[in-house]
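Chemist: Below, each chain spelled out in residue letters.
4 protein chains.
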Amino acid sequence: MTTEQMMTCIRECLECMKKCNQCYDACLQEEEVNPMTACIRLTRDCADVCVLAAQFMTRNSEHMKEACVLCADICTRCVEECRNHAYEHCQACAAACEACAKKCRAIAAA
Amino acid sequence: MTTEQMMTCIRECLECMKKCNQCYDACLQEEEVNPMTACIRLTRDCADVCVLAAQFMTRNSEHMKEACVLCADICTRCVEECRNHAYEHCQACAAACEACAKKCRAIAAA
Amino acid sequence: MTTEQMMTCIRECLECMKKCNQCYDACLQEEEVNPMTACIRLTRDCADVCVLAAQFMTRNSEHMKEACVLCADICTRCVEECRNHAYEHCQACAAACEACAKKCRAIAAA
Amino acid sequence: MTTEQMMTCIRECLECMKKCNQCYDACLQEEEVNPMTACIRLTRDCADVCVLAAQFMTRNSEHMKEACVLCADICTRCVEECRNHAYEHCQACAAACEACAKKCRAIAAA
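Chains as they are written, first to last, in the numbering used here: chain A, 1 to 110; chain B, 1001 to 1110; chain C, 2001 to 2110; chain D, 3001 to 3110.
Certain hints may be false.
Below, a list of computed lysine to any residue pairs in the SDA-like style, where the Cα atoms sit at most 25 Å apart [as the list claims (entries may be wrong)]:
{"no.": "1", "chain 1": "C", "residue 1": "2065", "chain 2": "D", "residue 2": "3105"}
{"no.": "2", "chain 1": "B", "residue 1": "1065", "chain 2": "B", "residue 2": "1002"}
{"no.": "3", "chain 1": "C", "residue 1": "2065", "chain 2": "D", "residue 2": "3077"}
{"no.": "4", "chain 1": "D", "residue 1": "3102", "chain 2": "D", "residue 2": "3084"}
{"no.": "5", "chain 1": "B", "residue 1": "1102", "chain 2": "B", "residue 2": "1062"}
{"no.": "6", "chain 1": "B", "residue 1": "1102", "chain 2": "B", "residue 2": "1076"}
{"no.": "7", "chain 1": "D", "residue 1": "3065", "chain 2": "C", "residue 2": "2099"}
{"no.": "8", "chain 1": "B", "residue 1": "1065", "chain 2": "C", "residue 2": "2015"}
{"no.": "9", "chain 1": "D", "residue 1": "3065", "chain 2": "C", "residue 2": "2081"}
{"no.": "10", "chain 1": "C", "residue 1": "2065", "chain 2": "B", "residue 2": "1029"}
{"no.": "11", "chain 1": "B", "residue 1": "1065", "chain 2": "A", "residue 2": "98"}
{"no.": "12", "chain 1": "D", "residue 1": "3102", "chain 2": "C", "residue 2": "2066"}
FYI, nobody ran anything at the bench for these hints, they're computed from the structure.
My request is simple: use the sequences and hints to build the entire structure.
Modeler: Following this line, the structure appears as structure tokens:
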């Protein structure tokens, strides 16, 4: 694993946390919230695990790879759900989650 | 998975977070801190992942099992390290981590 | 501040996190989610700050009092919102937040 | 409060979390860890509160200002401690904490 690779992954995790929280906030402001409940739940889980992974990487934890695996799994599930909604915030969130999952899997495999 | 089983696991995770943080605090007050650095790192990781698992379970997250797997893995590693130190705080932490890992693995397998 | 007082406050914070997350989960399962959005947001904020306060107290942080002040403020706001809803989960959450706020203010003043 | 102002503050909080965790990791690798224990404790508190503030801002929480106040207070204390140590990681951490505290106070006053 190169430092460059880890720095990129940290950046993607934090960007993903941001997009997940913005999506969560926007979902709660939609005219009809009922169809967004899965998205609300998943963006919260995803934001929290992105933070965990970013904290583990920045402090050089021996468990960073396992944290990145969990992060990638939750990101991937969040992409699936967000892809079901045409809203710009869901699409932006899906893109950030997809990028984050990819970098997290690269860390896990490094 | 029974509600009883999940409630027990939540309780063990929170107890483990507490014992990890008390061990962390005590390690930082030992006369010689150098031999305790692995313990300081691991108790921090462990406290954080215990909180993640407890939060996921209490909010009925679809990812609670995966969070419990990560929690069990980190707890098990923390037991290993704490067992190397005779301090009462390390032994208490190891016991809490062991109990937590067991309950987390039961949730993951349920 | 006595150890007893701190242990009680830690327990109330963790119980409050649990009740907030259970309320959040139940709100997202209500037939009409739209009226529950403020509650969903507040229970999330409250769960997170309860965890922060509990982590700070259990690791004997020099900032535990300030964390308890923020925790008490958010709990109090969460009580206000939950009191607007007759659901059992909202009433249970309000009760836990109220108890937590009280213990946190006692720590802050100790 | 402008969006620009908030985006800047989020960025500073996340940068500060990163520098705090890198300082924490480096402190635990110093030849003599005993003089670094206050720094280890403070960088952990600071990383955690930076994450809380960043999460609150990115999800548009009504408590973001109070979270920023707590964040600024802990950052300021972390600056004080890090300034006592000549290590590059402590100086980098102090600089990030100082920048973060400033932006957080601006949010709180906005």
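Chemist: Now tell me if each hint is right for this structure.
Modeler: Structure-based check of all given hints:
1. C:2065 / D:3105: holds (19 Å)
2. B:1065 / B:1002: holds (13 Å)
3. C:2065 / D:3077: Cα-Cα ~14 Å, so holds.
4. D:3102 / D:3084: At roughly 20 Å apart (the allowed maximum being 25 Å), residue 3084 of chain D and residue 3102 of chain D satisfy the hint.
5. B:1102 / B:1062: Status holds; Cα separation ~20 Å.
6. B:1102 / B:1076: holds (9 Å)
7. D:3065 / C:2099: Holds, at about 24 Å.
8. B:1065 / C:2015: Holds, at roughly 21 Å.
9. D:3065 / C:2081: holds (19 Å)
10. C:2065 / B:1029: Measuring from Cα to Cα gives roughly 21 Å; hence the hint holds.
11. B:1065 / A:98: holds (22 Å)
12. D:3102 / C:2066: Distance of about 18 Å is within 25 Å: holds.
No hint from the list above goes unmet by this structure.
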